[in-house]
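**Q** What follows is each chain in one-letter form.
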Amino acid sequence: MIDAFLNTFTVNGLVWLFVTLCCYAISVKVNLFYKGHPLSHPLVLTVSLVGLALLLSNVSVPQYQQSASLLHWLLGPVTVALALPIFKQWQKLKHYGWRLFVSIAVGGVLAPLLAWFTLYTLGSPISLQLTILAKSITTPLAMEATAQIGGIPALAAVFVITTGIVGAVVSNTVFLLCRVTSPEAQGIALGTVAHAVGTAKAIHMGEEVTAMATLGLCINGLLTAFILPLLFSMVL
Amino acid sequence: MLQLKNTFIGAFTILLAYYGGVYLSASLGLPIPGPLLGLVLLLSLLFAFPSIEKHTTLMAQPLLKHMSVLFVPAVLGVSVYWSDIEANAVALVLAIGGTTILSLGLTAWVASKLMKKKSV
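Chains as they are written, first to last, in this note's numbering: chain G, 70 to 305; chain X, 9 to 128.
Simulated from the structure, these hints should not be mistaken for lab results.
Glycine included, C-beta positions come from ideal geometry on N, C-alpha and C.
One thing to keep in mind: the hints can contain errors.
What the hints assert, rightly or not - With the C-beta cut set under 8 Å, the calculated list includes, among others, these residues of chain G facing chain X: (1) Gln134; (2) Ile221; (3) Ala223; (4) Thr232; (5) Glu253; (6) Ala258; (7) Val262; (8) Met274; (9) Leu299; (10) Ser302.
With these hints in hand, go ahead and build the complete structure from the sequences.
**A** Here it is, written out as structure tokens:
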């Protein structure tokens with residue numbers, strides 16, 4: 070934390086923090102303009118804008134990462150802050166009990182295994198195979214978990230966001246095809262498989278969907294981030 | 009003024025849980041990431057002292073809402089792995105696109121079967 074602050078309160082640090090926040094502010098406005106459509110997710114645009122700024126000013130990515138280390142450091146506390154939504158949905162969690170856990174576990178086990186199996190059969194390198202295991206959980210948890218099992222955190226972030234966008238874009242069609250009309254089931258599927266991007270989509274589908282998506286996001290993230298490193302520390 | 013004080017208390021609580029988790033994970037040599045233990049610590053704190061929910065919300069809500077901006081430095085780092093992505097483009101598209109659609113459908117289907125028996 071001290072390092073992060075020291076890096077931030079230099080001229081470069083403050084300039085890049087300011088640039089990043091400005092790009093983010095623009096991206097949020099654009100996202101609002103498209104009524105929160107998943108394809109206009111603020112991260113996609115912010116990364117493009119900051120990347121463009123780096124290119125134009127001839128600053129390398131590692132230099133930028135050092136300047137913006139405060140933002141990166143905050144990923145730790147934001148992971149901790151995920152305790153709050155779990156606490157707020159506790160009554161719902163108790164109400165649905167094992168049915169909720171089983172539903173979330175189905176998605177939580179299925180999504181990474183299918184993705185891993187695809188990469189495995191198509192002969193992708195082991196580092197990618199390890200990284201994709203965390204693709205369905207929320208980004209801060211996914212980055213922690215992949216670092217722990219020997220994957221690549223930066224790639225994990227990209228996989229996770231892409232998964233979320235795909236999930237949110239196709240969700241309406243998928244629910245229609247599978248004839249799933251219950252808001253609870255839709256919410257659980259969105260939160261478990263498409264994490265925070267799916268939950269953002271759920272906000273447009275009603276309060277019940279959002280509450281269940283939040284639970285899916287938190288429980289799956291928590292369980293996956295616990296189980297993956299434990300599993301790997303036992304096997305290796 | 010009170011709002012500011014409460015936000016500070018919230019920030020302090022989150023940092024306490026965060027460093028507690030990091031310390032526990034490092035000192036016990038656990039394979040579980042420190043921030044994750046911090047999450048569990050904060051959850052326990054919330055159950056032990058429900059009154060701090062108000063304070064932590066003040067700090068946690070904006071942090072969670074604008075979480076995306078925190079990934080920017082990490083995601084930009086992906087340029088280093090660009091050749092890996094290109095070499096495995098087809099596999100990755102299938103693994104991320106295809107399986108996400110499949111898992112979404114199956115999860116929703118299982119959930120709807122299970123939830124039907126217990127609606128609010």
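**Q** The structure should be examined with respect to each hint, and the outcome stated for every one.
**A** Results of checking the hints against the structure:
Against a cut-off of 8 Å between C-beta atoms, the interface hint on Gln134(G) holds, since the closest Cβ of chain X lies about 5 Å away. Because the closest C-beta pair between Ile221(G) and chain X is about 6 Å apart, less than 8 Å, the hint holds. Using the Cβ-Cβ criterion of 8 Å, the hint placing Ala223(G) at the interface with chain X is satisfied: the shortest such distance is roughly 4 Å. With a least beta-carbon distance of about 5 Å to chain X, the hint placing Thr232(G) at the interface is held under the 8 Å criterion.
With 8 Å as the threshold, the beta carbon of Glu253(G) comes within range of chain X, its nearest partner Cβ sitting at about 5 Å, so the hint holds. At about 4 Å, the closest approach between the beta carbon of Ala258(G) and any beta carbon in chain X falls short of 8 Å, and the interface hint on this residue holds. Of the supplied interface hints, the one on Val262(G) holds, with its beta-carbon coming within about 5 Å of a beta-carbon of chain X, less than 8 Å. A least Cβ separation of about 12 Å between Met274(G) and chain X goes past the 8 Å threshold, and the interface hint is therefore violated.
Because the closest C-beta pair between Leu299(G) and chain X is about 6 Å apart, less than 8 Å, the hint holds. Hint on Ser302(G) holds. Least Cβ distance to chain X is approximately 4 Å, under the 8 Å limit.
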